[in-house]
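Protein chains in written order, with our numbering: chain A, 1 to 382; chain B, 1001 to 1382.
I should point out that these hints are in silico values taken from the structure, not numbers from a laboratory. From the three backbone atoms N, C-alpha and C, an ideal C-beta is built for every residue, glycine too. Among these hints, one or two may not hold up.
[As the list claims (entries may be wrong)] Have a look at the derived ranges for each label pair, beta carbon to beta carbon:
no. : chain 1 : residue 1 : chain 2 : residue 2 : range
1   : B       : ASP1367   : A       : ASN235    : 45 to 51 Å
2   : B       : PRO1113   : A       : GLY30     : 51 to 57 Å
3   : B       : LEU1233   : A       : GLY315    : 48 to 54 Å
4   : A       : LYS361    : B       : GLN1320   : 54 to 60 Å
5   : A       : GLN341    : B       : PRO1236   : 50 to 56 Å
6   : B       : PHE1264   : A       : LYS332    : 33 to 39 Å
7   : A       : PRO113    : B       : SER1053   : 36 to 42 Å
8   : B       : VAL1129   : A       : ALA27     : 17 to 23 Å
9   : B       : PHE1264   : A       : ARG379    : 40 to 46 Å
There are 2 protein chains.
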Amino acid sequence: MDNFTFYNPTKIDFGTGKEQLIGQHLAEHGIRKVLLCFGSYRIKRDGLFEAVSKSLAAHDIEFIEFGSIVSNPLLSKVRDGIALARGHQVGAVLSVGGGSVLDSSKAIAAGVPYQGDVWDLFIGKADIVSALPVFSILTLAATGSEMNSGAVVTNEATKEKFAIQSVHTYPRVSIVNPALMQTVSRDYLVYSAADIIAHCIEGYFTATVQPTLHSRMVEALINTVIDTTETLLDNPADYAARAEFAWASTQALNGLIYAGTAGFSYPNHMIEHALSALFNVPHGAGLSVIMPAWMKWYHGRNPAQFQRLAQYVFGVDTPQQGIAALEAWFDKMGTPTRLSQLGIGEADLPAITDNVLGNAKWFGIADIYSRDVVATILRNAL
Amino acid sequence: MDNFTFYNPTKIDFGTGKEQLIGQHLAEHGIRKVLLCFGSYRIKRDGLFEAVSKSLAAHDIEFIEFGSIVSNPLLSKVRDGIALARGHQVGAVLSVGGGSVLDSSKAIAAGVPYQGDVWDLFIGKADIVSALPVFSILTLAATGSEMNSGAVVTNEATKEKFAIQSVHTYPRVSIVNPALMQTVSRDYLVYSAADIIAHCIEGYFTATVQPTLHSRMVEALINTVIDTTETLLDNPADYAARAEFAWASTQALNGLIYAGTAGFSYPNHMIEHALSALFNVPHGAGLSVIMPAWMKWYHGRNPAQFQRLAQYVFGVDTPQQGIAALEAWFDKMGTPTRLSQLGIGEADLPAITDNVLGNAKWFGIADIYSRDVVATILRNAL
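Next comes chain A alone, as it looks inside the complex (with noise of 0.2 Å):
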């Protein structure tokens, strides 16, 4: 096992009606007035809203909204939110929504102390050495991103889809009802699906280093997420598949499959970042269509750990068929598994492959991931 730290310091406070809670978190941290970030208006048909305003009335909590962030959060947004945050000079953001809610909402957090551009923080110009607390009720499980640091968003200019990662932006507190959830879509939910395995299996593939402990721990990931997947399609109330299938997303991507692993990397997500600033394809879409045409040009070089993905969570015998189980599973859900179901075609290769070439460099693995490589495994998704 690698040398690591682990240190994750955000409190889940987890299960039904616990969005009413949120008013006595923020006051138990001495808020007095935060940026309220959400999305869609769903939250507010939902009645979700309506629940948050209360509980921070009830706590004399004021609140700005910030609505209309959208999936692949953009930089403008982000701007717009820190420029409003400073104005109303709130203590604290609060994000309501998804991943992209709470991913602007950590980057708005950041942006907000930060005396440049907040984009400086993603492409390595400045570090964050401190940032607004970010405090979330989760409405989709998907990203894991209310138990870590990190946050993606998308500089449309450059058409660049980059992160930040530092101390200061996990959640002091994420609040995650499982019964808030049953609202999303099936398209949602299986393209969530997608993303946590996404999550799952870029280190457990990737890793050099990959002890035994954590691919069990990855697998008991994976077996969860596509059990509940399937349980969920068939009856979206099930709650005890919504609250399993939530908490294996958040741990898939809180630091406890990876402390101890080494040399990993995140082909899939630099591939599928590239689908996503081009052509606003939904993260987990992507990824659905990027897994399986990835493995097939990967899994010669860890023959092994396909091995353990055949073997313990499709039952079968080679990394093959490991492969093929996975992209018929993802074929049954309904999440794509071809650039077409994308309306992506074949003339549209060379701009994705400059994109990724673009983030390779980002992500650390430009010496792996050359035109030829990037193109084959496109290829494998046409």
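Mind docking chain B on chain A? Use the hints.
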């Protein structure tokens, strides 16, 4: 899944050489003087004490030695530590040792600011409202105390082995260097394996709400403990196995495999605490005796979960075969499975039963564990 709050603010600094960073960690928390708690003089013989002193000196941190803490740590010793810590006005407690040293350190840390007798905190006479910050360097992986807030101490006057738990007693930083554990004796390695397995199975079998995800995580941990124990008995210097063993131990009791479960209890610990309190049995050795005996009595209450253990850990077909396989594995590893191996005979059973019944109230399961039930379990262990 049951509603839960998960919050674990301990920073784990894991890997080779990490003990050299203790001065830096203390300095980052503004600590100028510590009570340095330890047990045997193994830490002086092995050079650890010197490494720690050097690191403290490099950061101008003064330390007061407090050694000779024993296994199944004693309340009288905790009281001495509190007096010493107060006398020297230390700013923190630094534990260098295994679970007994760390549990004593937590108890001292909680006892210093409390005006009454520290045992009040164990019997619920008073709440822990503050504590000195605790730091630790772990030399034995077993109790999981390095990443939780619990501490178990024996009151030698009343023969009670009770625990405290509080948000104030999480270690701020725990250093886990598996290389420091290479000098652990063969006996203590297998006792530790039994202890970790006990932490895993108590909830796994007794919880009334036990999500499948959590069961899979538990099985990942037990399988890892089994594999790595076997490796380490063959080759104590195998760092990779030592590291996985240590990290599995931490994760077995850091709250994750219990978060969202409900209705669980610790019957094996309850019974074992009587053996430790009355006969000063090593905790893990007591547990490897009690677990199979308890399982033989209990398995009919939760056959599905015993079927899982049989299948996913031992690859056998029935609950009974699973229990037999665990007992056979303990025997093969050389940790006791019979009371007679601990020097305890049938004549001792009434006294043990009395002590267990005293514990049962504290453990909250007096309704299930009647005199007859406890006697039956103990007879299974003869």
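Hints and how they fare:
1. One distance hint, 45 to 51 Å for the beta-carbon pair ASP1367 (chain B) and ASN235 (chain A), is violated here, with the actual separation near 36 Å.
2. At roughly 23 Å, the beta carbons of PRO1113 (chain B) and GLY30 (chain A) sit outside the given window of 51 to 57 Å.
3. Checking the proposed 48 to 54 Å range against LEU1233 (chain B) and GLY315 (chain A) shows it is violated: the Cβ atoms sit about 32 Å from each other.
4. One distance hint, 54 to 60 Å for the beta-carbon pair LYS361 (chain A) and GLN1320 (chain B), holds here, with the actual separation near 59 Å.
5. Distance hint check: the CB atoms of GLN341 (chain A) and PRO1236 (chain B) are about 54 Å apart, consistent with the given range 50 to 56 Å.
6. About 36 Å separates the C-beta atoms of PHE1264 (chain B) and LYS332 (chain A), a value consistent with the hinted range of 33 to 39 Å.
7. Range check, PRO113 (chain A) to SER1053 (chain B): Cβ separation about 40 Å, and the 36 to 42 Å hint holds.
8. Take VAL1129 (chain B) and ALA27 (chain A): their Cβ atoms lie about 19 Å apart, and the range 17 to 23 Å holds.
9. Separated by about 52 Å at the C-beta atoms, PHE1264 (chain B) and ARG379 (chain A) break the suggested range of 40 to 46 Å.
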